[in-house]
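Number of protein chains: 2
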Amino acid sequence: MLSDAALDTIFRAARTHNKWTAQPVSDATLRALYDLMRWGPTSANCCPARILFLRSAAAKERLAPALSANNLEKTMAAPVTAIVAYDLDFAEQLPKLFPHRPEAKSWFAEPTLGATTAFRNGSLQGGYFIIAARAIGLDAGPMSGFDNAKVDAEFFPGGRIKSNFICNLGHGDPAGVFPRNPRLAFDEACTIL
Amino acid sequence: MLSDAALDTIFRAARTHNKWTAQPVSDATLRALYDLMRWGPTSANCCPARILFLRSAAAKERLAPALSANNLEKTMAAPVTAIVAYDLDFAEQLPKLFPHRPEAKSWFAEPTLGATTAFRNGSLQGGYFIIAARAIGLDAGPMSGFDNAKVDAEFFPGGRIKSNFICNLGHGDPAGVFPRNPRLAFDEACTIL
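Here the protein sequences line up with chains Z and W, keeping their order.
Under the numbering used here, the first residue of the first sequence carries the number 1, and numbering increases by one thereafter.
Under the numbering used here, the first residue of the second sequence carries the number 1, and numbering increases by one thereafter.
It is worth saying that the hints were derived from the structure and are not from the lab.
There may be inaccurate statements among the hints.
Stated by the list, open to error - Cβ-Cβ distance ranges computed for the label pairs, FRET-style: (1) Thr112(Z) x Ala5(W): 39 to 47 Å; (2) Leu72(Z) x Glu103(W): 16 to 24 Å; (3) Asp147(Z) x Gly158(W): 30 to 38 Å.
No residue lacks a Cβ here, since even glycine has one placed at the ideal position from N, Cα and C.
Sequences are here, hints too, so could you generate the full structure?
This is how it looks when you write it as structure tokens:
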């Protein structure tokens, strides 16, 4: 059981950030983030998430045309913007990732099952990504308000990698946090049978 | 920044469990799990995840015909099996969940965008669910090895709720844990631009 302070850090007091301090995010921090999130479980250990960390001004400028108006300024200002994506050909890695079942690669040959598996598990890993960022002391600002097709054409032209969501990373300025929205009560979202 | 022990609990030392002790999981524990996971961020606070906790023998028996052979015994033995699902009509809740933008409901009226948003964000919430379970001292055994269509016909016949994955919950017996599979290295999954 985690401490109350730790539960606050990753869930209860954590907020989506919109303003960022000038404190940079190092390579070592991005590696620490991935080194945590990668341990989260995926189906047949398929690990389809692929992450592009945009930190240079040149990389950010390639992203800008794909952003919705309300996400542009905060994303350009963030120390790092991650494109959380997934690999439709994730099964190529299964001989390494699931070595005790050499036939695992063939389980996902059907394209619809492959794409569904990549999206589901890539999104699960997106959840791990956000929590891992918070767990190591970063703030996160995830968003879906962008043009996936434009991002894919610019950053993943081969068609094999698909953007899922984007997530600003850095150290947030609490002044930019919006009032917290409510959540569904247990009985609105859950049933015990 | 979380302590090393906390990072171990939610990521580094956490394992998918396959054998369960007889220790039951109470209503209060299931409510504590939801009360954590619900704070994880979703797009426009859409919160599409819906969870059916199967704890009674009768409920478990309704699930059994949909399980793959290798998932049957461990799932019947688990104190609780959660069906993590999502609501295609999540937008109906937006006037409550995103009250400062009364028009938000209309953003998701296009069925493909609505279904994609539900699946992406319901899966993100699935990631929060697994981490929250571990954070409060439960062990988790998530799996995709079941027939989603059979589960939906049995538990969600209206067509509005779709099963995503299932997850056994309880207190795991370490004797049932498989050897850990490798993960992709940073440079195999990530790029810094």
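Results for each hint:
1. Thr112(Z) x Ala5(W): 39 to 47 Å: holds, 42 Å
2. Leu72(Z) x Glu103(W): 16 to 24 Å: holds, 21 Å
3. Asp147(Z) x Gly158(W): 30 to 38 Å: Because 33 Å falls inside the window, the suggested range holds.
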